[in-house]
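Those protein sequence lines, which keep their order, are chains A, B and C.
According to this note's numbering, the first sequence is numbered sequentially starting from 404.
According to this note's numbering, the second sequence is numbered sequentially starting from 12.
According to this note's numbering, the third sequence is numbered sequentially starting from 31.
Treat each hint with caution, since some may be false.
Derived SDA-like pairs (lysine to any residue); straight-line CA-CA distance at most 20 Å [to be verified]:
(1) B:Lys33 - A:His574
(2) C:Lys267 - B:Thr117
(3) C:Lys216 - C:Leu128
(4) C:Lys216 - B:Gln116
(5) C:Lys216 - B:Ala74
(6) C:Lys216 - B:Ala120
(7) B:Lys33 - B:Ala74
Residues from chain A that keep clear of chain B, each with C-beta distances beyond 10 Å, as calculated [as the list claims (entries may be wrong)]:
(8) Asp437
(9) Arg454
(10) Gly477
(11) Gly487
(12) Asp496
(13) Ala497
(14) Arg509
(15) Gly510
(16) His574
(17) Glu678
Quick caveat, the hints were computed from the structure, so don't treat them as lab data.
Positions of the beta carbon are idealized from the N, C-alpha and C atoms, including for glycine.
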Amino acid sequence: MTQAPAIESGPAVAPATDAHPDDVLVLDDVRIHDDLSDTELVHGVSLRLRRGRVVGIVGESGSGKSLTCRAVLGILPDLIEVSGGSITLLGRDAATLTRRDWTTLRGASIGAVFQDPASYLNPSITVGRQLHEVLRVRGGLSRKDAHRRAVELFDAVHLREPEQVYRQYVHELSGGMLQRVLIAIAISLDPEILIADEATTALDATVQAEILDLLAELTERLGLALVLVSHDLAVVAQLCDEVLVLRDGHVVEQGPTTRILHDPQDDYTRLLVAEHEQYGLERYLTPEPSRV
Amino acid sequence: MSEPILEIEGLDVAFGRGHTRKVALSGAALRLFPGESVGVIGESGAGKSTLARAVLGLAPVTAGSVRVVGRDVARLSRRGRREFGRSGVAQYVFQDPLRSLDPDQTVQAAVAEPLRIRGQLSRGEIAAAVRAQFAAVELDESLLDRFPAQLSGGQRQRVAVARALVTGPRLLLLDEPVSALDSANRVRILQLLERLRATTDITLLFISHDLGSIAGVTDRTIVLNRGRIVEDGPTARVITAPRHPYTRLLVGSAPTLSSGAADRARRARLRAELAAAS
Amino acid sequence: MIEVLLRLTSARIAIGVLLAIALITVFGPVLAPYDPLQGSDLTLAGPSAQHWLGTDYTGRDVLSRILAGAPLSILSTLEVTGIALVLGTVPGILSVYLGSVFEWVSLRLIDTLVALPFLVFAVAMTALLGNGITQAMIAVGLLVAPLFYRVARAATLTVARSQYVEAAVLAGASTGWIVRRHVWAKVLPPIAITLATTLGVGLVVISSLTFLGIGVQPPAPTWGGILASDLDYLPQKAYAPLFPAVIILVTVLAFSMLADAIRDAAGQSGRALVGAKVARANRARRVAA
Numbered sequence: 404m405t406q407a408p409a410i411e412s413g414p415a416v417a418p419a420t421d422a423h424p425d426d427v428l429v430l431d432d433v434r435i436h437d438d439l440s441d442t443e444l445v446h447g448v449s450l451r452l453r454r455g456r457v458v459g460i461v462g463e464s465g466s467g468k469s470l471t472c473r474a475v476l477g478i479l480p481d482l483i484e485v486s487g488g489s490i491t492l493l494g495r496d497a498a499t500l501t502r503r504d505w506t507t508l509r510g511a512s513i514g515a516v517f518q519d520p521a522s523y524l525n526p527s528i529t530v531g532r533q534l535h536e537v538l539r540v541r542g543g544l545s546r547k548d549a550h551r552r553a554v555e556l557f558d559a560v561h562l563r564e565p566e567q568v569y570r571q572y573v574h575e576l577s578g579g580m581l582q583r584v585l586i587a588i589a590i591s592l593d594p595e596i597l598i599a600d601e602a603t604t605a606l607d608a609t610v611q612a613e614i615l616d617l618l619a620e621l622t623e624r625l626g627l628a629l630v631l632v633s634h635d636l637a638v639v640a641q642l643c644d645e646v647l648v649l650r651d652g653h654v655v656e657q658g659p660t661t662r663i664l665h666d667p668q669d670d671y672t673r674l675l676v677a678e679h680e681q682y683g684l685e686r687y688l689t690p691e692p693s694r695v
Numbered sequence: 012m013s014e015p016i017l018e019i020e021g022l023d024v025a026f027g028r029g030h031t032r033k034v035a036l037s038g039a040a041l042r043l044f045p046g047e048s049v050g051v052i053g054e055s056g057a058g059k060s061t062l063a064r065a066v067l068g069l070a071p072v073t074a075g076s077v078r079v080v081g082r083d084v085a086r087l088s089r090r091g092r093r094e095f096g097r098s099g100v101a102q103y104v105f106q107d108p109l110r111s112l113d114p115d116q117t118v119q120a121a122v123a124e125p126l127r128i129r130g131q132l133s134r135g136e137i138a139a140a141v142r143a144q145f146a147a148v149e150l151d152e153s154l155l156d157r158f159p160a161q162l163s164g165g166q167r168q169r170v171a172v173a174r175a176l177v178t179g180p181r182l183l184l185l186d187e188p189v190s191a192l193d194s195a196n197r198v199r200i201l202q203l204l205e206r207l208r209a210t211t212d213i214t215l216l217f218i219s220h221d222l223g224s225i226a227g228v229t230d231r232t233i234v235l236n237r238g239r240i241v242e243d244g245p246t247a248r249v250i251t252a253p254r255h256p257y258t259r260l261l262v263g264s265a266p267t268l269s270s271g272a273a274d275r276a277r278r279a280r281l282r283a284e285l286a287a288a289s
Numbered sequence: 031m032i033e034v035l036l037r038l039t040s041a042r043i044a045i046g047v048l049l050a051i052a053l054i055t056v057f058g059p060v061l062a063p064y065d066p067l068q069g070s071d072l073t074l075a076g077p078s079a080q081h082w083l084g085t086d087y088t089g090r091d092v093l094s095r096i097l098a099g100a101p102l103s104i105l106s107t108l109e110v111t112g113i114a115l116v117l118g119t120v121p122g123i124l125s126v127y128l129g130s131v132f133e134w135v136s137l138r139l140i141d142t143l144v145a146l147p148f149l150v151f152a153v154a155m156t157a158l159l160g161n162g163i164t165q166a167m168i169a170v171g172l173l174v175a176p177l178f179y180r181v182a183r184a185a186t187l188t189v190a191r192s193q194y195v196e197a198a199v200l201a202g203a204s205t206g207w208i209v210r211r212h213v214w215a216k217v218l219p220p221i222a223i224t225l226a227t228t229l230g231v232g233l234v235v236i237s238s239l240t241f242l243g244i245g246v247q248p249p250a251p252t253w254g255g256i257l258a259s260d261l262d263y264l265p266q267k268a269y270a271p272l273f274p275a276v277i278i279l280v281t282v283l284a285f286s287m288l289a290d291a292i293r294d295a296a297g298q299s300g301r302a303l304v305g306a307k308v309a310r311a312n313r314a315r316r317v318a319a
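Turn these sequences into a full structure, and let the hints steer you where they fit.
Spelled out as structure tokens, the structure:
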């Protein structure tokens, strides 16, 4: 039930052969293996992401979506490795990268934000200092330039009064503000790819919309390529050009967002759509929801 | 009209004293009647959980009253609180079943616990009641002796619902009951609640930050913003014709399958509207 | 947790050593080839076929003294730990439930005990209650109790704030019910870890007290006492302290290894520890295939 439809939709969208100069991230049949239990956790994910485009990955926890992200970032947990296929980051085969290459690549070429922003920041240093540090150490900016750029970045992610936020600590900021800080840090070195793994899940509905709007704006303005991961099909549908639906490590459906939403082929995708139609806002909203 | 199951009048709740005092709820008023299903939505910190805790007699009420089936639970003595608990009239389902179930207790023991604390039934009667409740939430009896960690998230939440229903409550509070679940299990719990409403006259108070799941099972929605009830009306009306600027933004922000890039500008306008209003 | 524990090599070694120590404790006095108190003319002799570990300054067989000293050394350690366990754990759990007065008083008392200089307190206690093993053990037990108090309190606090306890409270459960049904099982693992650590610490403390002449009185043999008397004769027989030192060291090491292993087995890192070997094998098989 879970495997069949991938064959009809998968290869049509991401043929592994013809490369495009704007491709920044290419996954070709990536498989991820747990050496401890000796089981394969992700059974072949293929995708192709261009500059300024957004690809969405939808799946439950345990579907392999986070593992796929971690593989792209080179931060798979201990005893778990990429066992097949290839990941091409900005034209370089990820399998050939050394530890040092990864360190250079992360931040400068690929950034990431995750679900719980507070745990990725140091509680005893102001958030401004933390961005400052990244800009100084990795960006090579002078003290003064780093400060100026940090305030600029905070402004770019729409933090109100960026100068004041610069001097604040983690506990003084709300979840939505912290996620903005992390996005500012993630884009501070002008990466070409941004991975947002359940980055809005723990946030309130209105704040979630703010962060999603910000991500959409950044892809348009900076030409960032975005991988948006969520358990909620509606979140992904808002931003993405193409969607992958993952279940138990299998890509059960893959294709353009509109096609997936209006003509889902797989039972599981149909369930995701039905969930919204029967137990969601769609129950009350007319097909033309532009009444406010 | 019949007697209200829950009646809240002029409720103020504040935490802390002096300059650290924080008002969590002010002037909340609301009445729930048998068989109603009411959703409570708001941001974190808007007072949703405080409202739930006030209904359970756990919040530091500074003014007003909270009556559950005619009994004021806002100022219970230690003993009164225990008796109220043992009566099982109001029950609670938490967001995360993994945390609300004791990891060292079999699920059978967890579901039996409220009855054992009440201590009126014999062992055999309790076991029978637990089995009946397991069937009601569609859990297989083979799972009775499992520990919470050996169940899936959806099964665990059904255990938590069974534990809440085992005392035959008239009011069931659900605090983000489906937020931690995946789609298939979310639908299943919502279906379970729908069936419960169809077969009993239980009153549901469904607290969530997600307008979507509230839309699924309630016929009335209360919107909380900064400790105040800013909107209270039929769910369909609240969603299709929201009155308060906050509700308008909330509806505009909820992810739907039909929303797209065009909504961004609209949301920006709604945010400005809300900022101007407050 | 027990199965994971037994799969850890360090735990197996520790348990093996401790079983051996337990055997010595039970059968030591019977196994001793000589009377541990009976001196001979052969003083400070080196190891030989007759005296495997040599003799001490009054010609007593060292092996016999170590074997005969085992029960006293180990049992007094257990006594200390037992006292600390009861005096620490029970108030630690109750401090969360018995109201703010008890909480405040017990916390201040524990702070005081922590602040007391250990040796001075032990000397003062023996001066007050008389010099005897039990008095010394009570003194040491009192001083180790804060460790248990804190661990038990911390574990109880976590449980007390958990939702399943709240659910029980909402169902009208009494404090006794909650402690019996929910708290107890959560407090035990960290207490077990503390227990294993304390057993090691206790042995060292008893030995060092004996070394000062507090508690056990010579000529009754204990491991610490043997070490103390050997140290007086360093010029004549420099390696003599090694024998009692090694047995103390091995026992303490075994206890602390066990404590480490319990902690690992109880936590998430257990997976990686147990799994590293399996994972390597799995990987090798996969790569080869």
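Against the structure, the hints:
{"no.": "1", "hint": "B:Lys33 - A:His574", "verdict": "17 Å, holds"}
{"no.": "2", "hint": "C:Lys267 - B:Thr117", "verdict": "62 Å, violated"}
{"no.": "3", "hint": "C:Lys216 - C:Leu128", "verdict": "19 Å, holds"}
{"no.": "4", "hint": "C:Lys216 - B:Gln116", "verdict": "11 Å, holds"}
{"no.": "5", "hint": "C:Lys216 - B:Ala74", "verdict": "38 Å, violated"}
{"no.": "6", "hint": "C:Lys216 - B:Ala120", "verdict": "17 Å, holds"}
{"no.": "7", "hint": "B:Lys33 - B:Ala74", "verdict": "14 Å, holds"}
{"no.": "8", "hint": "Asp437", "verdict": "19 Å, holds"}
{"no.": "9", "hint": "Arg454", "verdict": "18 Å, holds"}
{"no.": "10", "hint": "Gly477", "verdict": "28 Å, holds"}
{"no.": "11", "hint": "Gly487", "verdict": "27 Å, holds"}
{"no.": "12", "hint": "Asp496", "verdict": "34 Å, holds"}
{"no.": "13", "hint": "Ala497", "verdict": "29 Å, holds"}
{"no.": "14", "hint": "Arg509", "verdict": "29 Å, holds"}
{"no.": "15", "hint": "Gly510", "verdict": "28 Å, holds"}
{"no.": "16", "hint": "His574", "verdict": "14 Å, holds"}
{"no.": "17", "hint": "Glu678", "verdict": "5 Å, violated"}
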